[in-house]
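Line order of the protein sequences matches chains R and H. Going by full-length UniProt numbering, the first residue of the first sequence is number 1, and it counts up by one from there. Going by full-length UniProt numbering, the first residue of the second sequence is number 1, and it counts up by one from there.
Please note: incorrect hints may appear among the correct ones.
Stated by the list, open to error - What follows is a set of in silico ranges between Cβ atoms, one per label pair, in the way DEER data are often shown:
{"hint": "1", "chain 1": "R", "residue 1": "Arg210", "chain 2": "H", "residue 2": "Gly250", "range": "32 to 38 angstroms"}
{"hint": "2", "chain 1": "R", "residue 1": "Arg134", "chain 2": "H", "residue 2": "Asn154", "range": "50 to 56 angstroms"}
{"hint": "3", "chain 1": "R", "residue 1": "Val50", "chain 2": "H", "residue 2": "Gly249", "range": "45 to 51 angstroms"}
{"hint": "4", "chain 1": "H", "residue 1": "Pro132", "chain 2": "R", "residue 2": "Ser52", "range": "37 to 43 angstroms"}
{"hint": "5", "chain 1": "H", "residue 1": "Thr247", "chain 2": "R", "residue 2": "Asp161", "range": "31 to 37 angstroms"}
{"hint": "6", "chain 1": "H", "residue 1": "Glu199", "chain 2": "R", "residue 2": "Ala102", "range": "26 to 32 angstroms"}
{"hint": "7", "chain 1": "R", "residue 1": "Gly192", "chain 2": "H", "residue 2": "Arg210", "range": "30 to 36 angstroms"}
{"hint": "8", "chain 1": "R", "residue 1": "Arg134", "chain 2": "H", "residue 2": "Arg210", "range": "43 to 49 angstroms"}
{"hint": "9", "chain 1": "R", "residue 1": "Gly113", "chain 2": "H", "residue 2": "Thr247", "range": "23 to 29 angstroms"}
{"hint": "10", "chain 1": "H", "residue 1": "Asp84", "chain 2": "R", "residue 2": "Tyr107", "range": "38 to 44 angstroms"}
{"hint": "11", "chain 1": "R", "residue 1": "Gly249", "chain 2": "H", "residue 2": "Val95", "range": "39 to 45 angstroms"}
{"hint": "12", "chain 1": "R", "residue 1": "Gly113", "chain 2": "H", "residue 2": "Ala197", "range": "24 to 30 angstroms"}
{"hint": "13", "chain 1": "R", "residue 1": "Met135", "chain 2": "H", "residue 2": "Ile96", "range": "53 to 59 angstroms"}
{"hint": "14", "chain 1": "H", "residue 1": "Asp84", "chain 2": "R", "residue 2": "Ala241", "range": "42 to 48 angstroms"}
Said to hold, decoys possible - From the structure, some residues in chain R lie toward chain H, with a derived Cβ separation under 8 angstroms:
{"hint": "15", "residue": "Leu18"}
{"hint": "16", "residue": "Asn35"}
{"hint": "17", "residue": "Val36"}
{"hint": "18", "residue": "Gly38"}
{"hint": "19", "residue": "Val44"}
{"hint": "20", "residue": "Glu51"}
{"hint": "21", "residue": "Pro76"}
{"hint": "22", "residue": "Ala117"}
{"hint": "23", "residue": "Ile178"}
{"hint": "24", "residue": "Val182"}
{"hint": "25", "residue": "Glu184"}
{"hint": "26", "residue": "Glu186"}
{"hint": "27", "residue": "Glu199"}
{"hint": "28", "residue": "Gly200"}
Since the hints were derived computationally from the structure, they do not count as laboratory data. Note that the Cβ used here is the ideal one computed from N, Cα and C, for glycine as well.
Protein chains: 2
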Amino acid sequence: MSERIWTAGLVVIGDEILSGRTQDKNVAQIAVWLNVQGIRLSEVRVVPDVESRIIEAVNAMRTGHDYCFTTGGIGPTHDDITVDAIAAALGVPVVIHEGARAMLAGYYETRGGLTDARLRMARVPQGAALIPNRMSGAPGIQVGNIYILAGVPNITAGMLDALTGTLEGGKPVVSGTIGCWVAESEIAELLGAVERAHEGVAIGSYPFFREGRVGANFVVRATDIHVVDACIADLTGQLEAGGREVTAGGI
Amino acid sequence: MSERIWTAGLVVIGDEILSGRTQDKNVAQIAVWLNVQGIRLSEVRVVPDVESRIIEAVNAMRTGHDYCFTTGGIGPTHDDITVDAIAAALGVPVVIHEGARAMLAGYYETRGGLTDARLRMARVPQGAALIPNRMSGAPGIQVGNIYILAGVPNITAGMLDALTGTLEGGKPVVSGTIGCWVAESEIAELLGAVERAHEGVAIGSYPFFREGRVGANFVVRATDIHVVDACIADLTGQLEAGGREVTAGGI
């Protein structure tokens, strides 16, 4: 029986990413975290702060994958519309979550009190649970297979930390890397042949140009470390047989 | 008559982004470049090196926007399948572009010659034109409203440079920024009211936590700099009237 692969889609919500003002950091950190949970990040969509666009992307990701993650748009201001969009996507009303209200009331007790704007951060799609946020008062939200996280990367990280070990997944992808001072175009056929000879591996080729020379790193990925090791040994042997020096771990 | 807004969708092709191994740099650089051309980046999809997934994303972006850009997957190795996927999406065959063959033959003349693997980089969807690449031999490709660019960010940059001024667009979005040591939740209503009072502006609120204090930058975007300036003046005036210190240009 072939093994079950668990996948996730990510919706990054934010005009600031699409305008180029902010360099996204969440795709990479969520990808790495998901892999540790045995879940593969299979697609990312970046959409603007527009309700219809968020609804469309969330519906595609939640139905197309085991899990749908979102980042951004859960703060207290007028451009924070993620909760409303996801409630609309699910066809449920937005309600105040009493646990979130209590968290926020505690957090803001010594910080000016729980105003109407701050209470916005206790709004959730009906039926949701909270994801703790140790960095600031406002929690993340889980509803069905949707995980609604903050957009600020260190707050996102705290929420991921709270979710660690709670999601069902399969085997994590493991990888090995070797580097070689070679133009990838010189060994393209060899790479393809080695990949075909080792079932279940994918070999990525990442060329670079440094110190006036071209080279490439080759990353072998699979769910079984023995399969990765065998493929790395084969690729290394074939490159060395061709008179090329190979650097274990990559250059 | 309302002004025509030109939009683009971007498809980032690459297992290395979805695995978290590589931090994407192309979204931000393409977003900024597009804005200078008067085109708004309206959506990004990151997909794996899987033909069916590339086809689906490219078809969605090329039909949903004025322009579709792609990055990645145009090198010489087995995992470079972008050209095949886009040809399939368009229902046209893949052909060798004679101009690309000549470019590659010239580039590799002193670098070991034009091998079969290198000739892969002259393959284009039928009907395509080339986008010059001053960094290395392999060109980018334009076919219909699709612009197929390299994934390595400095090569992507060279291709964008070659395209500068060649795409029809509208008015670029201009912006102004102010910063304030305030919790965004304290002024959420004020922000929303100011945005509503100035037609055609969008105000983004970007909170941060530094030096033990919370603050936020507010970015006002519109296509008319006078509209931006009036909105910035109004917002500054209202914050200062509330006893808050405002830093022009952001904190």
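Okay, the hints, checked on the actual structure:
In this structure the supplied range 32 to 38 angstroms holds for R/Arg210 paired with H/Gly250, their Cβ-Cβ distance being about 35 angstroms. The hint said 50 to 56 angstroms for the Cβ distance between R/Arg134 and H/Asn154, and at roughly 39 angstroms that hint is violated. Under the hint 45 to 51 angstroms, the C-beta atoms of R/Val50 and H/Gly249, about 28 angstroms apart, miss the expected range. At about 38 angstroms, the beta-carbon gap between H/Pro132 and R/Ser52 stays in the expected band of 37 to 43 angstroms.
For H/Thr247 and R/Asp161, the hinted distance range of 31 to 37 angstroms is satisfied, since their beta carbons lie about 33 angstroms from each other. A beta carbon spacing of about 40 angstroms between H/Glu199 and R/Ala102 contradicts the range 26 to 32 angstroms that was offered as a hint. Judged by the Cβ atoms, the range 30 to 36 angstroms given for R/Gly192 and H/Arg210 is violated: they are separated by roughly 50 angstroms. Distance hint check: the CB atoms of R/Arg134 and H/Arg210 are about 18 angstroms apart, inconsistent with the given range 43 to 49 angstroms.
Checked against the hint of 23 to 29 angstroms, the pair R/Gly113 and H/Thr247 passes, with Cβ atoms roughly 26 angstroms apart. Taking the beta carbon of each, H/Asp84 and R/Tyr107 are about 53 angstroms apart, not inside 38 to 44 angstroms as hinted. A beta carbon spacing of about 40 angstroms between R/Gly249 and H/Val95 agrees with the range 39 to 45 angstroms that was offered as a hint. The hinted window of 24 to 30 angstroms between R/Gly113 and H/Ala197 holds, with their beta carbons roughly 27 angstroms apart.
Look at R/Met135 against H/Ile96: about 55 angstroms separates their beta carbons, and that is inside 53 to 59 angstroms. Distance hint for H/Asp84 and R/Ala241: a CB-CB separation of about 30 angstroms, inconsistent with the stated range 42 to 48 angstroms. Nearest Cβ of chain H to the Cβ of R/Leu18: about 5 angstroms, under the 8 angstroms cut. The hint holds. Because the smallest distance between the Cβ of R/Asn35 and any Cβ of chain H comes to about 7 angstroms, under 8 angstroms, the interface hint for this residue holds.
For R/Val36, the interface hint is violated, since its Cβ never comes within 8 angstroms of a Cβ in chain H; the closest pair sits about 10 angstroms apart. With its C-beta approaching chain H no nearer than about 14 angstroms, R/Gly38 sits outside the 8 angstroms limit, and its interface hint is violated. The closest approach between the C-beta of R/Val44 and any C-beta of chain H is roughly 4 angstroms, which is under the 8 angstroms cut-off, so the hint is satisfied. Violation of the interface hint for R/Glu51 is found here, the shortest Cβ-Cβ separation to chain H being roughly 14 angstroms, above the 8 angstroms cut-off.
At its closest, the beta carbon of R/Pro76 sits 4 angstroms from a beta carbon of chain H; the interface hint therefore holds under the 8 angstroms criterion. The interface hint given for R/Ala117 holds, since its Cβ lies 4 angstroms from the closest Cβ of chain H, which is under the 8 angstroms cut-off. Because the beta carbon of R/Ile178 sits about 14 angstroms from the nearest beta carbon in chain H, more than 8 angstroms, this interface hint is broken. For R/Val182, the shortest C-beta to C-beta distance to chain H is roughly 11 angstroms, which exceeds 8 angstroms, and the interface hint is violated.
Annotation: R/Glu184 was flagged as interfacial toward chain H, and the flag holds, the nearest CB pair being 5 angstroms apart, inside 8 angstroms. Nearest Cβ of chain H to the Cβ of R/Glu186: about 7 angstroms, under the 8 angstroms cut. The hint holds. Interface hint at R/Glu199: violated, since its Cβ lies 15 angstroms from the closest Cβ of chain H, which is beyond the 8 angstroms cut-off. Annotation: R/Gly200 was flagged as interfacial toward chain H, and the flag is violated, the nearest CB pair being 15 angstroms apart, outside 8 angstroms.
This entry does not satisfy hints 2, 3, 6, 7, 8, 10, 14, 17, 18, 20, 23, 24, 27, 28, going by the numbered hints stated previously.
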